[in-house]
Structure formats: structure tokens, C-alpha cells
Amino acid sequence: MPEIRLEDVRFAYPGGVDVYPEPGLTLALGDGVTALVGENGAGKTTLTKLLIGLLRPRAGSVTVQGEDVAKATVAAMARIVGYSFQNPDDQLFERTVRAEVSFGPRVLRKPVAEVERGVAWALEACGLKGREEVHPHDLGLSERKWVAIASALAGEPQVVVLDEPTLGQDYPSRERLRSLVAQLADMGRTVLVVTHDMDFVGEACSSTVVLSEGAVRYAGPTAAAFADRDLVDEAGIEPPHVTSLARRLGLGDAVSERAFLAALGR
Amino acid sequence: MEVTRPALVFDRVGYAYEEAPREAVSDISLTIAEGEWVGVTGPTNAGKSTLCLLAMGLAPHFFGGRLKGGVTVLGKDSRQVSVIERSAEVGLLFQNPFTQVSGARERVDDEVAFGPECHGVARPEVEARVAEAMERVGIAHLAARHPMDLSGGQLQRLALAGLLAMRPAVLLLDEPTSQLDPAGAAAIFDVLAGLHQRGTTILMVEHRLERLCELCPRVVAMAAGRVIADGPPDEVFNREAVQERVGIPVFTRLARDGALPRPWPVRVGDAATAFAKSIA
Numbered sequence: 001m002p003e004i005r006l007e008d009v010r011f012a013y014p015g016g017v018d019v020y021p022e023p024g025l026t027l028a029l030g031d032g033v034t035a036l037v038g039e040n041g042a043g044k045t046t047l048t049k050l051l052i053g054l055l056r057p058r059a060g061s062v063t064v065q066g067e068d069v070a071k072a073t074v075a076a077m078a079r080i081v082g083y084s085f086q087n088p089d090d091q092l093f094e095r096t097v098r099a100e101v102s103f104g105p106r107v108l109r110k111p112v113a114e115v116e117r118g119v120a121w122a123l124e125a126c127g128l129k130g131r132e133e134v135h136p137h138d139l140g141l142s143e144r145k146w147v148a149i150a151s152a153l154a155g156e157p158q159v160v161v162l163d164e165p166t167l168g169q170d171y172p173s174r175e176r177l178r179s180l181v182a183q184l185a186d187m188g189r190t191v192l193v194v195t196h197d198m199d200f201v202g203e204a205c206s207s208t209v210v211l212s213e214g215a216v217r218y219a220g221p222t223a224a225a226f227a228d229r230d231l232v233d234e235a236g237i238e239p240p241h242v243t244s245l246a247r248r249l250g251l252g253d254a255v256s257e258r259a260f261l262a263a264l265g266r
Numbered sequence: 001m002e003v004t005r006p007a008l009v010f011d012r013v014g015y016a017y018e019e020a021p022r023e024a025v026s027d028i029s030l031t032i033a034e035g036e037w038v039g040v041t042g043p044t045n046a047g048k049s050t051l052c053l054l055a056m057g058l059a060p061h062f063f064g065g066r067l068k069g070g071v072t073v074l075g076k077d078s079r080q081v082s083v084i085e086r087s088a089e090v091g092l093l094f095q096n097p098f099t100q101v102s103g104a105r106e107r108v109d110d111e112v113a114f115g116p117e118c119h120g121v122a123r124p125e126v127e128a129r130v131a132e133a134m135e136r137v138g139i140a141h142l143a144a145r146h147p148m149d150l151s152g153g154q155l156q157r158l159a160l161a162g163l164l165a166m167r168p169a170v171l172l173l174d175e176p177t178s179q180l181d182p183a184g185a186a187a188i189f190d191v192l193a194g195l196h197q198r199g200t201t202i203l204m205v206e207h208r209l210e211r212l213c214e215l216c217p218r219v220v221a222m223a224a225g226r227v228i229a230d231g232p233p234d235e236v237f238n239r240e241a242v243q244e245r246v247g248i249p250v251f252t253r254l255a256r257d258g259a260l261p262r263p264w265p266v267r268v269g270d271a272a273t274a275f276a277k278s279i280a
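Chains as they are written, first to last, in the numbering used here: chain Z, 1 to 266; chain S, 1 to 280.
Hints in this document: simulated from the structure, not taken from any laboratory.
Backbone N, C-alpha and C define an ideal beta-carbon position, used for all residues, glycine too.
Take these hints with a grain of salt, some might be off.
Listed next, the stretches of chain S that the computed footprint assigns to chain Z, with coverage defined by at least 3 CB atoms under 8 Å from CB atoms of chain Z [unchecked claim]:
| # | region |
| --- | --- |
| 1 | 37 to 49 |
| 2 | 90 to 103 |
| 3 | 148 to 159 |
| 4 | 182 to 193 |
| 5 | 250 to 263 |
In the SDA-like style, the derived pairs of lysine to any residue whose C-alpha atoms are separated by at most 20 Å in a straight line are [unchecked claim]:
| # | chain 1 | residue 1 | chain 2 | residue 2 |
| --- | --- | --- | --- | --- |
| 6 | Z | Lys110 | Z | Glu156 |
| 7 | Z | Lys129 | S | Pro43 |
| 8 | Z | Lys129 | Z | Glu116 |
| 9 | S | Lys277 | Z | Ala263 |
| 10 | S | Lys277 | Z | Gly265 |
| 11 | S | Lys277 | Z | Ala262 |
| 12 | Z | Lys49 | S | Ser151 |
| 13 | Z | Lys129 | S | Asn45 |
| 14 | S | Lys277 | Z | Leu264 |
| 15 | Z | Lys110 | Z | Ala120 |
| 16 | S | Lys277 | Z | Arg247 |
| 17 | S | Lys277 | Z | Gly252 |
| 18 | Z | Lys49 | S | Gly152 |
| 19 | S | Lys277 | Z | Leu249 |
| 20 | S | Lys277 | Z | Arg248 |
| 21 | Z | Lys49 | S | Met148 |
| 22 | S | Lys277 | Z | Glu116 |
| 23 | S | Lys277 | Z | Gly250 |
| 24 | S | Lys277 | Z | Lys110 |
| 25 | S | Lys277 | Z | Leu261 |
| 26 | Z | Lys49 | S | Asn45 |
Far from chain S, some chain Z residues (derived; all Cβ distances over 10 Å) [claimed, not checked]:
| # | residue |
| --- | --- |
| 27 | Pro21 |
| 28 | Leu27 |
| 29 | Lys49 |
| 30 | Arg56 |
| 31 | Gln65 |
| 32 | Ala70 |
| 33 | Asp89 |
| 34 | Thr96 |
| 35 | Phe103 |
| 36 | Ala120 |
| 37 | Ala125 |
| 38 | Arg178 |
| 39 | Ser207 |
| 40 | Ala227 |
So that you can see chain Z by itself, here it is in the shape it has in the complex:
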């Protein structure tokens, strides 16, 4: 059974921007790490907000883990879906990193031991150990981003949605993120990553969904998405750097460094 299902979803913002025109958006996602890509304004962030009930569809249905989002409260959805915003400043408001990261599970009235376990795991996984007592606004953009990600993980949700997690991140930070999403996938979680960072998509995401003008243009294995040149051109995306090199060398469409070196026989 898919973890996330959208059926004929229509949505328009007040003031008229029609995000998902007729016949509406339909998409089913299983577990593992999925990238959500597409040009600015394709409807990526809107889709993620529909998953947690922050936005409600005008028509159609959104189901996450069998839960109909239209009927569930935001609190009920927060138990299932952990969400980190594109702009961490939309999300952070507590006085310390620890208070911020533990806010979600505390509000959900989880048992203390469970809160502590989730918070400790999230702080460690996000490289924030030793930064617990710092005020989030004394941190740089990259670390604030990590606080937002840790907050999304602390409640140990089954579904994790990360909007532009690599934004402003340096290389070690991106590596940390890559191993974090792999770890979540190993734990059987569903991870959806909204990103423009195609290298990250190729390295870290086994499936990819391509949105274009409010419709799903592609949903399937990542390698096949980048191999489809018409899709890449029309959806305003680009292949990972390693793919451009592989093509120049006639080594096929490798999307990760490992695949490239394997094709090279090294």
C-alpha cells in the first residue's frame, strides 16, 4: 500500500493562482527516499503542505499512511508527518535549540522517555550535539536549517518531508544529509525531499517525482528520469554533474558517483 496518495487534487491560492489545474494531481508514493523536483512555481511546496493539512485541497483527496488528511486534525497529521520548511525562519521560535527540537513531541504529549529518545537521536543525526543551549537565531542559516530538520525528526514520524534541505549547506553538511536520509529509509520511513540540487537527487534519492505546471510529468526510478532528455528539458531540471561527464565519455547515464566509477570499471 502506498504511504502517500493524492487523487485528483485541485488547489488554488486565494487571489487566484491555480496550482493544480484540471484534472488535478494524482500521485502514489511508497517508502524509501523520493525527490520532488521541477521548476519554480511547479507546485512542489504546495504539495508538501497538503500532506500535513497546512493547506486543504479544493477537490480530490490526500491520504497519508491511510489517514485522510481532510478529516484529520493538524495535530493528528503531525504525529505521522515531520516537516521542515524551506525557510527555517518560518518555523523556529523557541529560545534554545533543545526547546525548539523538542517542541513538536512535547506538544503531542508523548511520554517523556519517548520525547527524550527522539530529541537525542535528532540532535545527534543533525550534528547539533553541543549546540543544545544556543539560541536558534544566533546560528547561521545552515545550522538553522539543521535545527528545522531535527525538529521534523524528533517526533519519530513515519513520513518525513524536507523542503530544500541542501539550501545553503556546505559539502560536509550535504554528506550528513545524504547519510541521514539513507538511515531513515533503512528504518522503513518514507522520505520526500523537495530540491533543486540534482547532484543530491542522483546520490541520495532512489525515486524521483517531476512536477511541471501543476501536473506529475514523471514518477519512478531516479536514473530513468534523468535519462529522458525531453523530460529534463521540458521540466526545467538538469541532470547531475556526474551524468554530464558520463555522457561525454559515452559511459551511459550514471546519476551517482558510484555508478560512474562502476561504469568506468574502477
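Given the structure of chain Z, go ahead and fit chain S onto it with the hints provided.
Structure of chain S alone, referenced to chain Z:
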């Protein structure tokens, strides 16, 4: 040899923010000639954004703190000019476009006009500049929208249009395409390449090393508030200290992991040549 005037000079600069126990940048000496396109990169807390704020004069004028050494931009010492005066010639694109928009304007085109209007540019000239800047960054169709209704990527383009309308001689760009899709980012880099060709000096912070190597003839690598390497990208990214502390472009890492001889390539074209040679 043609002698070019320096656009930016950092002379043994150290700077600590108000009440900060340590300096954010230390012992920075850099000279950037007029018309250069210099990329700045480094890990979190390397001091890259601080370098931009210093060049703009916001540090120390707005942020307070302690400045050591001298920052001179287009011949003017930071201590002697206000940020307003400098903003006639120098534009800074903030890392987060949400902090760039004035908040005082209700239409995109009025927001783009904000800078030139504040500087008393004549109305017909403002209109011409606004139209040109919006066209260039691809937001002409959004002219009547409210800035706060834009997506992250659209807002970033709006912020850049606001700077271009000022026709600055020096552009300081803190991750100018962080919010943009690949096609949008490529379009912005085309705009920057055009400005570079017409002689604009560009200092650009960029995390994406592949982009940096492709675009910038000169790269400054920073770590922990100091410059650890400065030169052509091939040279900078073949240094071990840079690879360890800043990172390594995809093509360079593939060459290393694919056991190619040094020096390793940093751009796709050079990597293709080097790998082709090794396969043959």
C-alpha cells in the same frame, strides 16, 4: 601591461560582531581588480557572508562590532563613507531574499524602483531601469504582484532586479541562485556573465563548487574566518587543505577516486579530456 584600479581592497581585516567573543574574520588581505569575477566559498561559519557585509559597509556601520584594518571599495574607505553613499555604486544581494525586500512596496515593479527612487533618480530614468532590470532577470510578467506573494525563487530574482536597477559598479552576491531551479539559475548566471563582460566587478559567495569552477576565473577559499587559498579554481581545489576543509568539486573527486594522475580537473570539459586519455 594594462593597469586596472582595485575595486575592493581588504587590508589585514579583522572583524568581530557586537558582543561576539571571537572575530568572524581575521587577517583578511585581498585585492580585487575592477572587472574581476571572484567566487568565494568555504564551510559554514567560514566568514563568507561577513566578507560581503564588510564590503558593503554594513559591518560595522549597521552591525556595530570591532573592525581592524581597512576595507576600501572603489577608492573609498569604509570608515569614511555611509552605507547609503556606497549603495549608489555597490549592491549586496543577501543570502536570504526574504530579508532583502523593503516591505514598503506592494507591487513588484515598485519594489524594483525602491533603490533608484531613494537615490533621487529622475522618474523616467527609474521607469526605464525598472523595466530593463525586470526583463533581465525574467520577472516582467510579475510586475503587478505583491512581493510577499512570490515564491522563494521569484523573490530571489526580484531582489537581484532591485540591485540591477541601481546599475552598480560592484556586485556582492551571497549565494545568488540558492532558491532557483536549475534553468532559473542558469539564466541568472547568464545575466551575471553579461554584466562581467561589460566590466562589473562581482564578488560571489557560492557553495556549489562545480558552478564556481565553471564561472569564476578566481576563487577565494575561506575556513574559520581566514582565507586559506586564493587563485584559479584548478589550483585552489588541488590543494589538500582546501579539499579537506572546504570540499572537492564532483569532477575532481571522480578523478581522485578514478585514480587519475594529478593535478585533477575541476571542470566537466577538463574532466572529460582527462578521463578520455586514461581510458585510451
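Going through the hints against the structure:
Taking a C-beta to C-beta cut-off of 8 Å, the region 37 to 49 of chain S contributes 5 residues in contact with chain Z, enough for the three needed, and the coverage statement holds. Here the region 90 to 103 of chain S counts 3 residues with a CB under 8 Å from a CB of chain Z, which clears the bar of 3, and the coverage holds. Counting residues of the region 148 to 159 of chain S whose beta carbon lies closer than 8 Å to any beta carbon of chain Z gives 5, which meets the minimum of three for the stated coverage. Counting residues of the region 182 to 193 of chain S whose CB lies closer than 8 Å to any CB of chain Z gives 5, which reaches the minimum of 3, so the coverage claim holds.
Counting residues of the region 250 to 263 of chain S whose beta-carbon sits less than 8 Å from any beta-carbon of chain Z gives 7, enough to reach three: the coverage restraint holds. Proximity of Lys110(Z) to Glu156(Z) is assessed by CA-CA distance (about 11 Å); at most 20 Å being required, the pair is judged to hold. Restraint check for Lys129(Z) and Pro43(S): satisfied, since their Cα atoms lie roughly 18 Å apart, inside the 20 Å limit. Distance restraint check for Lys129(Z) and Glu116(Z): the Cα-Cα separation of roughly 14 Å lies within the 20 Å cut-off, and the hinted pair is therefore satisfied.
For the given pair, Lys277(S) sits about 16 Å from Ala263(Z) by alpha-carbon distance, which is consistent with the 20 Å threshold. Distance restraint check for Lys277(S) and Gly265(Z): the Cα-Cα separation of roughly 15 Å lies within the 20 Å cut-off, and the hinted pair is therefore satisfied. In summary, the hint linking Lys277(S) to Ala262(Z) is supported, as the alpha carbons are separated by about 18 Å, within the 20 Å threshold. Of the supplied pair hints, the one linking Lys49(Z) and Ser151(S) holds, its CA atoms being roughly 14 Å apart against a limit of 20 Å.
A distance of roughly 17 Å separates the Cα atoms of Lys129(Z) and Asn45(S); the hinted pair therefore holds under the 20 Å criterion. Between Lys277(S) and Leu264(Z), the direct Cα distance comes to roughly 13 Å. Compliance with the 20 Å bound is thereby established for this hinted pair. For the hint pairing Lys110(Z) with Ala120(Z), the CA-to-CA distance comes to about 15 Å; that is within 20 Å, so the pair holds. This hinted pair checks out: Lys277(S) and Arg247(Z) have alpha carbons roughly 15 Å apart, not beyond 20 Å.
For the suggested pair Lys277(S) and Gly252(Z), the alpha carbons sit about 18 Å apart, so the restraint of at most 20 Å is met. For the hint linking Lys49(Z) to Gly152(S), the alpha-carbon distance of about 15 Å falls within 20 Å, and the restraint holds. Between Lys277(S) and Leu249(Z), the direct Cα distance comes to roughly 10 Å. Compliance with the 20 Å bound is thereby established for this hinted pair. As the CA atoms of Lys277(S) and Arg248(Z) are separated by approximately 13 Å, the hinted pair is consistent with the 20 Å bound.
A C-alpha spacing of about 18 Å is found between Lys49(Z) and Met148(S), which places the hinted pair at or below 20 Å, so the restraint holds. Restraint check for Lys277(S) and Glu116(Z): not satisfied, since their Cα atoms lie roughly 55 Å apart, outside the 20 Å limit. Our distance criterion of 20 Å between C-alpha atoms is met by Lys277(S) and Gly250(Z), whose separation comes to about 13 Å. At roughly 60 Å between alpha-carbon atoms, Lys277(S) and Lys110(Z) are farther apart than 20 Å, so this suggested pair is violated.
Among the hinted pairs, Lys277(S) with Leu261(Z) is consistent with the structure: their alpha-carbon atoms are about 16 Å apart, no more than 20 Å. Between Lys49(Z) and Asn45(S) the CA atoms are separated by roughly 31 Å; this puts the pair beyond 20 Å, and the hint is violated. The Cβ of Pro21(Z) lies farther than 10 Å from every Cβ of chain S, with a closest approach of about 17 Å, so its non-interface assignment holds. Distance to chain S confirms Leu27(Z) as a non-interface residue, since its nearest Cβ pair spans about 19 Å, more than 10 Å.
Separation of Lys49(Z) from chain S is adequate, the least Cβ-Cβ distance of about 13 Å exceeding the 10 Å criterion. Look at Arg56(Z): its CB is around 19 Å from the nearest CB on chain S, clear of 10 Å, so calling it non-interface holds up. Every CB of chain S is more than 10 Å from the CB of Gln65(Z) (nearest about 28 Å), matching its label as outside the interface. Once the 10 Å rule is applied to beta carbons, Ala70(Z) is consistent with being away from chain S; the minimum gap is 25 Å.
The Cβ of Asp89(Z) sits about 7 Å from the closest Cβ of chain S, inside the 10 Å cut-off, so the non-interface label is violated. Remark: the non-interface label on Thr96(Z) is consistent with the geometry, its nearest Cβ contact in chain S lying 18 Å away (cut-off 10 Å). Once the 10 Å rule is applied to beta carbons, Phe103(Z) is consistent with being away from chain S; the minimum gap is 22 Å. The Cβ of Ala120(Z) lies farther than 10 Å from every Cβ of chain S, with a closest approach of about 22 Å, so its non-interface assignment holds.
Chain S leaves Ala125(Z) outside its interface by the beta-carbon criterion, the shortest separation being 17 Å against a cut-off of 10 Å. Annotated as non-interface, Arg178(Z) keeps its C-beta farther than 10 Å from every C-beta of chain S; the closest such distance is 13 Å. Non-interface status of Ser207(Z) relative to chain S is upheld: no Cβ of that chain comes within 10 Å, the nearest being about 19 Å off. Every CB of chain S lies more than 10 Å from the CB of Ala227(Z), the least distance being 16 Å, so the non-interface label holds.
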